[in-house]
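S.K.: Here are the chains, one letter per residue:
2 protein chains.
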Amino acid sequence: MSELLDNREMKKEKLKEMLKKLHSGEDEEKVKEEFKNVLRSISPLEIPLIEQELVAEGVSAREIARMCDIHVEIFRESVSGAEKEIAKFPPGHPLRTLYEENVEIIKDAEILNLYASSLLKLKGNALQSTLKTLEGIVRGLKVIGYTHYNREEMIDFPYLERRGLNAVPAVLWRKHDEIRAEMNKLLNLIHSENYEEISNVGQDLASRLIDMVFRENNILYPTLQVLLSEGEFKAIRMQDDEIGYYKIKPGNEWKSEAKPIMPYEVRDEITAEQLLSLPQHLIEEMKKNMGDIKLHPDLRELRREGDIELENGYLLPDEISAILAIMPVDVTFIDSEDRVRFFSGGERIFTRTNTVLGRPVQLCHPPKSVHIVNKILQAFKKGERDKADFWIDMQGRKILIQYLAVRKNGKYLGALEFTQDIMDIKKIEGEKRLLDWK
Amino acid sequence: MSELLDNREMKKEKLKEMLKKLHSGEDEEKVKEEFKNVLRSISPLEIPLIEQELVAEGVSAREIARMCDIHVEIFRESVSGAEKEIAKFPPGHPLRTLYEENVEIIKDAEILNLYASSLLKLKGNALQSTLKTLEGIVRGLKVIGYTHYNREEMIDFPYLERRGLNAVPAVLWRKHDEIRAEMNKLLNLIHSENYEEISNVGQDLASRLIDMVFRENNILYPTLQVLLSEGEFKAIRMQDDEIGYYKIKPGNEWKSEAKPIMPYEVRDEITAEQLLSLPQHLIEEMKKNMGDIKLHPDLRELRREGDIELENGYLLPDEISAILAIMPVDVTFIDSEDRVRFFSGGERIFTRTNTVLGRPVQLCHPPKSVHIVNKILQAFKKGERDKADFWIDMQGRKILIQYLAVRKNGKYLGALEFTQDIMDIKKIEGEKRLLDWK
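Heads up: the sequence lines are chains A and B, in that order.
If you use the UniProt record's numbering, the first sequence corresponds to residues 1 to 438, in order.
If you use the UniProt record's numbering, the second sequence corresponds to residues 1 to 438, in order.
Misleading hints may appear alongside valid ones.
Same chains, same label: a pair holds when it works inside one copy or across any pair of copies.
[As the list claims (entries may be wrong)] Simulated pairs of lysine-lysine, DSS-like, Cα-Cα distance not exceeding 25 Å:
id	residue 1	residue 2
1	Lys175	Lys375
2	Lys432	Lys368
3	Lys398	Lys426
4	Lys175	Lys368
5	Lys432	Lys375
6	Lys426	Lys14
7	Lys426	Lys255
8	Lys287	Lys14
9	Lys368	Lys408
10	Lys255	Lys32
11	Lys368	Lys12
12	Lys438	Lys30
13	Lys88	Lys287
14	Lys185	Lys398
Source of the hints: derived by calculation from the structure; they are not laboratory data.
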């Protein structure tokens, strides 16, 4: 026992020495190699124990994180094999982006695991500061849900669904949500004094994050690689930026002349050749979830006869009118020459009749306030303002009236009057979530 | 003086007797004729004085109103001449509707005048109950602003404006607004103890209402009659119901086979013949307001190349996209087969990418809550529900998410997700009116 302690004490001293060297300005690469050798000589199971003792002895979070980086480098080299995959795609290719994010996720999951597992050994200030660090780490990890997972769910999965591969996306999404829920659970726990629970949930979360990396690297990404055409990856690349990334910025080296193909344009069924190239893990997953593998590709055409092509979709004129009528707000649009062009139907706060179509807005307003209307429109046209908000009390209701400059690529198209009764909205408190619906 | 008093006492006694007779069930027409003769024998200036004394002596408001009715009949017969005009148009013709409402307005203005002028002579309970009656009268009169005046401003005026007759509508609208403002002023005053002011404002309001009837009956309506074609009156008739009426319900006797003509379809300039037929009052009003009479008809075409015809207007696809993008809410539409068809662009709370277009909504949701989504859609499709509201806290904001069934003539077209950040709305207090804008 004392031998073991001595031995660990020795290793700790060695690690502290390494940390000092990193700060001393010695050749960083050389120190890092030396550091890795020390770390390699310690059993992976022992590392968290030593790390948590270092934390207890006052080694700063930043230094521990530094050590973690090096630790993760070892992990990466030996375990993930992701580097090899990454190298297959030029920077900017959506698959490279996904693999690169997963390297970051593994690193951060490791850090989470380190802090979570060290927690129970700490007391007093060290405990409090570690909890604070842990909270910061989890908040940072939540971004994975908004970016990496969200891109997969919203951009990548539809391409598989069109080919009838619904089960695998559904399983991954469910697991994403479990991870998201566990992040929230951990954040809610963190100010409790239930340190054992915090430690357990933290470690469980870390292992789920790493498990997800494994599933993605070994199932999802190889499947996308086998099935998707260059045009599909091009379309994915064009959409990816809208959602954003976890800790990386995709490069621009990958160029493609292919025509972007949206999921709703996909007519491909999976070929026998593709089926044979799919990762074995996927086939197993499919068998587990579906009994046998029957694919029902989705060949539905998006565009219908009479559809109007809009920036983000296709609607029939009747649908546009009905949507604008059902919205719990009233809108009226005047064009760039101040003429009334459109107002929404349905139940309105301020009644409008079609007789005002084409009418200059100045003639639709009480003469007393026309000069203000003109001032606002002037400010919109000059680009000095984008909106003007008003609110009034009317027959016991509170009415919010917003004038909004409507522009396309900076060009002024007109102004929108956007009016709503906010009386009930003002009273909303607490939460009512989808799962509460009855 | 005492003779005058006696004389008035006598008249009062006579009036009281008449009121009793009205209640006694004697032949009403006969009593009314007798009543009219008594009233005619009293100077119009003296009537309010006597009426207010009757109020002070405890004659009930209902009886006074009854007397007022008869009083107004006299007024109508001798002064307004409206009956003659009314008879020119079959029930349901928009001009008849307007004239009929003006008969009601005169009657109610008379009642207002009676109560307002009697106020200063009253004390205690009689005063308080008269103030309460007055408040009810003014609240009733406010409906004129939402109906009779509003129809003129929104439906009738555009037909004159297209012909270049802008000044007269503007003058009338300004006066409508003065009346509306005076109604609000009176309502605000009514719980003060400034009885003199209440009385003065009430009487002034009554005389403005009557003056407006005069202007409309003698200027606006004859002008509409001279200039507008049958198709234009047909279109007016079709819109009038949307705004509603003051105390009357238009009949259905007037039938027209003409094609309805909206203001934006009017290409007519005023002919020499029409000009000569316009009411003299109008010509004077125009000269006063414009120096000389130069008309600039508005011949602008409403519909442009590429315009999509919607229920209430015409928009270009780019305008539709830009309007939906600038709205301070996010919308996503799924069709009747649950497929995503459209989402609004711009800054969004929940990011969407075009890859979800055509995707079944069930695949766009966390698997955990899909069963609720399906329940809601089921209730929409069966017509059992029209909406489902949720609200959640997200990164310090409060997000309201509303699902709305979109229908056209009862047929289910799809569902709209309508999402907004209500954090700032919840904080809105007081009023910020157009005239406060800087």
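S.K.: For each hint, tell me whether it holds in the structure or not.
M.R.: Comparing the hints with the structure gives:
Taking identical chains as interchangeable, the C-alpha atoms of Lys175 and Lys375 lie at most 25 Å apart only when they sit on different chains, with a minimum of 23 Å there against 54 Å within one chain. In this homomeric assembly, Lys432 and Lys368 come within 25 Å of each other (Cα to Cα) only across copies, at 16 Å, whereas the closest approach inside a single copy is 44 Å. For the homomeric pair Lys398 and Lys426, the shortest alpha-carbon distances inside one copy (9 Å) and between copies (11 Å) are both at most 25 Å. In the homo-oligomer, the alpha carbons of Lys175 and Lys368 lie at most 25 Å apart only across protomers (10 Å), although the nearest pairing inside one protomer, at 61 Å, exceeds that limit.
In this assembly of identical chains, Lys432 and Lys375 lie within 25 Å of each other by CA distance solely across copies; the values are 16 Å between and 42 Å within a copy. Taking identical chains as interchangeable, the C-alpha atoms of Lys426 and Lys14 are never at most 25 Å apart, the minima being 61 Å within one chain and 58 Å between chains. Neither within a single protomer nor between protomers do Lys426 and Lys255 lie at most 25 Å apart by alpha-carbon distance, with minima of 50 Å and 48 Å respectively. For a Cα distance limit of 25 Å, the shortest separation of Lys287 from Lys14 qualifies neither inside one copy, at 49 Å, nor across copies, at 102 Å.
Taking CA atoms no more than 25 Å apart as the test, Lys368 paired with Lys408 passes in neither setting, with 32 Å inside one copy and 38 Å between copies. Taking identical chains as interchangeable, the C-alpha atoms of Lys255 and Lys32 are never at most 25 Å apart, the minima being 36 Å within one chain and 95 Å between chains. With identical chains, the CA atoms of Lys368 and Lys12 are never at most 25 Å apart, being 81 Å at best within one copy and 45 Å at best between copies. In this homomeric assembly, Lys438 and Lys30 never come within 25 Å of each other (Cα to Cα): the closest approach is 64 Å inside a single copy and 65 Å across copies.
For a Cα distance limit of 25 Å, the shortest separation of Lys88 from Lys287 qualifies neither inside one copy, at 29 Å, nor across copies, at 84 Å. Proximity of Lys185 and Lys398 under a CA criterion of 25 Å is satisfied inter-copy only: 20 Å between copies versus 38 Å inside one chain copy.
In the structure shown, a violation is registered for the earlier hints numbered 6, 7, 8, 9, 10, 11, 12 and 13, in ascending order.
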